[in-house]
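Going down the list, the sequences are from chains Y and G. For the first sequence, this note's numbering assigns the number 103 to the initial residue and increments by one for each residue that follows. For the second sequence, this note's numbering assigns the number 103 to the initial residue and increments by one for each residue that follows.
For the record, the hints were derived by calculation from the structure and aren't laboratory data. Bear in mind the structure is a predicted one, so any value in this text is a computation, not a measurement. Hints may be right or wrong, so weigh each one.
Stated by the list, open to error - In the SDA-like style, the derived pairs of lysine to any residue whose C-alpha atoms are separated by at most 25 Å in a straight line are: (1) G:Lys457 <-> Y:Leu248; (2) Y:Lys594 <-> Y:Ile539; (3) Y:Lys125 <-> G:Glu303.
2 protein chains.
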Amino acid sequence: MANLGITPRSQGFSDWYNDLVVKADLADYSAVKGCMVIKPHGYAIWELMQRALDDMFKASGHSNAYFPLFVPKSFLSKEAEHVEGFAKECAVVTHHRLMNNPDGPGVVVDPTAKLEEELVIRPTSETIIWNSFKNWIQSYRDLPLLINQWANVVRWEMRTRLFLRTAEFLWQEGHTAHATFEDAEAEALTILDIYRRFAEEWMAVPVLTGVKSENEKFAGADHTYCIEALVQDLRCVQAGTSHHLGQNFAKAFDVKFQTDKGALEYVHATSWGVSTRLVGTLVMAHSDDKGLVLPPRMAPVQCVIVPIWGGKAELREKVVAASERLAERLRATKWSDSPLRVRVDAREHESPGYKFNDWELRGACVRLELGPRDLEANQTVLSQRTGGEKAPVSVDNVCDEVCRRLDDLQRLLYRSALDFREANTKRVDTWEEFKAIFEPEGGAGFVVAHWDGTVETEKAIAEQTKATIRCITLDPLDPEDDKPGKCVYSGKPSSRRVVFAKAY
Amino acid sequence: MANLGITPRSQGFSDWYNDLVVKADLADYSAVKGCMVIKPHGYAIWELMQRALDDMFKASGHSNAYFPLFVPKSFLSKEAEHVEGFAKECAVVTHHRLMNNPDGPGVVVDPTAKLEEELVIRPTSETIIWNSFKNWIQSYRDLPLLINQWANVVRWEMRTRLFLRTAEFLWQEGHTAHATFEDAEAEALTILDIYRRFAEEWMAVPVLTGVKSENEKFAGADHTYCIEALVQDLRCVQAGTSHHLGQNFAKAFDVKFQTDKGALEYVHATSWGVSTRLVGTLVMAHSDDKGLVLPPRMAPVQCVIVPIWGGKAELREKVVAASERLAERLRATKWSDSPLRVRVDAREHESPGYKFNDWELRGACVRLELGPRDLEANQTVLSQRTGGEKAPVSVDNVCDEVCRRLDDLQRLLYRSALDFREANTKRVDTWEEFKAIFEPEGGAGFVVAHWDGTVETEKAIAEQTKATIRCITLDPLDPEDDKPGKCVYSGKPSSRRVVFAKAY
Numbered sequence: 103m104a105n106l107g108i109t110p111r112s113q114g115f116s117d118w119y120n121d122l123v124v125k126a127d128l129a130d131y132s133a134v135k136g137c138m139v140i141k142p143h144g145y146a147i148w149e150l151m152q153r154a155l156d157d158m159f160k161a162s163g164h165s166n167a168y169f170p171l172f173v174p175k176s177f178l179s180k181e182a183e184h185v186e187g188f189a190k191e192c193a194v195v196t197h198h199r200l201m202n203n204p205d206g207p208g209v210v211v212d213p214t215a216k217l218e219e220e221l222v223i224r225p226t227s228e229t230i231i232w233n234s235f236k237n238w239i240q241s242y243r244d245l246p247l248l249i250n251q252w253a254n255v256v257r258w259e260m261r262t263r264l265f266l267r268t269a270e271f272l273w274q275e276g277h278t279a280h281a282t283f284e285d286a287e288a289e290a291l292t293i294l295d296i297y298r299r300f301a302e303e304w305m306a307v308p309v310l311t312g313v314k315s316e317n318e319k320f321a322g323a324d325h326t327y328c329i330e331a332l333v334q335d336l337r338c339v340q341a342g343t344s345h346h347l348g349q350n351f352a353k354a355f356d357v358k359f360q361t362d363k364g365a366l367e368y369v370h371a372t373s374w375g376v377s378t379r380l381v382g383t384l385v386m387a388h389s390d391d392k393g394l395v396l397p398p399r400m401a402p403v404q405c406v407i408v409p410i411w412g413g414k415a416e417l418r419e420k421v422v423a424a425s426e427r428l429a430e431r432l433r434a435t436k437w438s439d440s441p442l443r444v445r446v447d448a449r450e451h452e453s454p455g456y457k458f459n460d461w462e463l464r465g466a467c468v469r470l471e472l473g474p475r476d477l478e479a480n481q482t483v484l485s486q487r488t489g490g491e492k493a494p495v496s497v498d499n500v501c502d503e504v505c506r507r508l509d510d511l512q513r514l515l516y517r518s519a520l521d522f523r524e525a526n527t528k529r530v531d532t533w534e535e536f537k538a539i540f541e542p543e544g545g546a547g548f549v550v551a552h553w554d555g556t557v558e559t560e561k562a563i564a565e566q567t568k569a570t571i572r573c574i575t576l577d578p579l580d581p582e583d584d585k586p587g588k589c590v591y592s593g594k595p596s597s598r599r600v601v602f603a604k605a606y
Numbered sequence: 103m104a105n106l107g108i109t110p111r112s113q114g115f116s117d118w119y120n121d122l123v124v125k126a127d128l129a130d131y132s133a134v135k136g137c138m139v140i141k142p143h144g145y146a147i148w149e150l151m152q153r154a155l156d157d158m159f160k161a162s163g164h165s166n167a168y169f170p171l172f173v174p175k176s177f178l179s180k181e182a183e184h185v186e187g188f189a190k191e192c193a194v195v196t197h198h199r200l201m202n203n204p205d206g207p208g209v210v211v212d213p214t215a216k217l218e219e220e221l222v223i224r225p226t227s228e229t230i231i232w233n234s235f236k237n238w239i240q241s242y243r244d245l246p247l248l249i250n251q252w253a254n255v256v257r258w259e260m261r262t263r264l265f266l267r268t269a270e271f272l273w274q275e276g277h278t279a280h281a282t283f284e285d286a287e288a289e290a291l292t293i294l295d296i297y298r299r300f301a302e303e304w305m306a307v308p309v310l311t312g313v314k315s316e317n318e319k320f321a322g323a324d325h326t327y328c329i330e331a332l333v334q335d336l337r338c339v340q341a342g343t344s345h346h347l348g349q350n351f352a353k354a355f356d357v358k359f360q361t362d363k364g365a366l367e368y369v370h371a372t373s374w375g376v377s378t379r380l381v382g383t384l385v386m387a388h389s390d391d392k393g394l395v396l397p398p399r400m401a402p403v404q405c406v407i408v409p410i411w412g413g414k415a416e417l418r419e420k421v422v423a424a425s426e427r428l429a430e431r432l433r434a435t436k437w438s439d440s441p442l443r444v445r446v447d448a449r450e451h452e453s454p455g456y457k458f459n460d461w462e463l464r465g466a467c468v469r470l471e472l473g474p475r476d477l478e479a480n481q482t483v484l485s486q487r488t489g490g491e492k493a494p495v496s497v498d499n500v501c502d503e504v505c506r507r508l509d510d511l512q513r514l515l516y517r518s519a520l521d522f523r524e525a526n527t528k529r530v531d532t533w534e535e536f537k538a539i540f541e542p543e544g545g546a547g548f549v550v551a552h553w554d555g556t557v558e559t560e561k562a563i564a565e566q567t568k569a570t571i572r573c574i575t576l577d578p579l580d581p582e583d584d585k586p587g588k589c590v591y592s593g594k595p596s597s598r599r600v601v602f603a604k605a606y
């Protein structure tokens, strides 16, 4: 195999990840500290994520809208916990004009163009959106209000990592208003289930669903639900959150509605989001030392056709034309409700071996080789990015066979990730064992242990081990997890086990 | 007709527009000066625009990507004309943290968190993108590079109007790199044609295609192509631009490539964009005093079904169920390559009359009324938002009939807009007549006149009449327009006529 300049995972997972993201053309560093450029191949994955999620949001009654990028500084302060959580790391706009530098070349900030009130680039949009909801909601007939927004947000980050943590990132943020606590609770759980299904059925990434501890919940929420994934270096990624906001933002922005009985009440709210972080999660969950391994539903190229002419120019035209015809047939085939995504790699000056490596790097799910002898035999040689046998397939059956392989691969990746998680989930009952597991640098899988329910214990554990409570699972991984016991740290009574891990 | 609180066009086009945009739930004012909220109904139109354009961009070989929101201040200065055009009105980020106010409640900017170099919120992304292209382009094999981005941008505006001119707006911006001047020229014209087709075939808005005068071209372009639409108040809207940038940005960011002969040359570039301004253009082109009139290809609701139960609760269930069945059949029908977009308005507490007005306001193209007697007769009463006869239709034929009506309406709106433009395009040869036409407040249609080709004349005309050169048409509206004559203002020789109008 050609050396692609990717550090093997065994020599450093973090270097492997950074190398892979850049070499596979998913993203690039930018001139602006902490901000990345999402390159076409990475953006194509994000578009597939957007389409699948957007369809699920719309099917469950949500509409898209768009709210301003800017949040007046004073809005952030209206919800007490929220400002604590978000004011500390944000981009602040103070002026609205540049001018020619009077003392030299270039431009400088025009001091006469200072804003009366500074504007913050949204780190999340609860405040600016609830300021609008105040005008949109008068009566119970206006509820539920189910809004989603696809947008960029900015949280000033010092330690960044492509896709997983960047100053600017892309996401969707849902914001909903309801007549009752129960309605808001049902909404938060509906979305959590959409996130779980998307992670498992589309990304082939099994996730724990649960509720966050007080210490880890969203700043301004009543409680926060989450999906948590385990990736190959045994760290956990928080992949999505769904917040039940109670009446906190309704009170902060004075949003009341007339009930069907004529009373005036504050509305109940949720907010929820997933981001381009999912792209990083996807890469870390499945990929290998050769490059990207993508589940077919998330692959921009599901099938690549490599025509082979053995350096004989007179054969090239023929095999390329046959490849294009084959591609057209495949594109007319639907798999998972979409036309197959097929590419013909007819590059003239690259060898077949180079192309094979290149498409392994870029995560094409299935490769079809088509040479002169294949043409004569009315066949093509099929291989799968991971798993499965390399084998000749009759051109007559190739559409069915490609679909079958994609089904296999989608299932295989989910099954492998689930096996991996199960093999790396431990139940621990003593503090010595707990500490020993998290002692080494790096991830250590999921540890399911008893906890006394206090913030003090949670913080003490995090300080001594860097492990945090990822969630209190909704469906215990094991029925025993739901029974009382003694806190692994304090020895005090615990009502049930919770899940610890080191997280990104 | 119920008074919807919309000013009639005859009493003030501007008030009519603002009222309509707000009442039809397209957009709303926000707490941030100059920024709007795009509400679900307005955003649904934008999503239809995005989908259609994105499909055309991808079919012509373009890929989407995403670049940072922030532009380092110094980047803006790298292209001399560009900084003049864009530095004067931009949002400047100077700090990255807020802190609790030491002197009272709320938060203030943390003075210790000042950025070393200020960041500008992108007013357009040429500079940040060309800084990346420098790393992406080495050889002729990397060309053409055909990138598009869907993003928000900010240009500080004092006088704003919903959709047409706001401080923040949504758009797409294409950025491409090519080996030769000819390739870049072909790209700029390919995109211009996509814009024209989109405006005419999707929005039903006829547009002039042409090139901008030196004075009106993009800051940093070699030349700028545009599409220009005439709306109902006889003003012109610049609806899209496609810039041939020459080698200006390649030189500013030092982007060279090795040619197939081994030489090192600067690449040639284009950039091009359309924005949420198109939504405003669409509204101004077709709508009436009753509300939105939308061409079917741009209508979030193409067909609304209003069940009628005459206040008899026992009938409601029956007609609503029949309406839902009808809706399912319609949704299974494709028109213009997409499933029909159908809504059943089963609201319990609103009268049919209220619903009729409401859906006229919101621009549903076709309405189907379904009452108990219709059910018995196996029919539904169909009416069209504008034009066409109200008539009963057999339920057996309704899918075909709805499609036929949508075809009609799409054609009718384009035809009406084209007739309107033709009726309001005049050829003028004397300065007296020219001045008289533009004398009154407001729009005055297109005036096709000779111009001596100088910036001085163009500016003098604009000062005295507020009319600007909208474009030098690529295909003259009349063969005579392409012949030489004398400048309407200076009397000096003119090689051909150009198009003047007052513009938004």
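Now for the hints, and whether the structure bears them out:
For the given pair, lysine 457 of chain G sits about 22 Å from leucine 248 of chain Y by alpha-carbon distance, which is consistent with the 25 Å threshold. Of the supplied pair hints, the one linking lysine 594 of chain Y and isoleucine 539 of chain Y holds, its CA atoms being roughly 21 Å apart against a limit of 25 Å. For a cut-off of 25 Å, the pair hint linking lysine 125 of chain Y to glutamate 303 of chain G is broken: about 41 Å separates their Cα positions.
Hint 3 alone, counting from the list given before, is not met by this structure.
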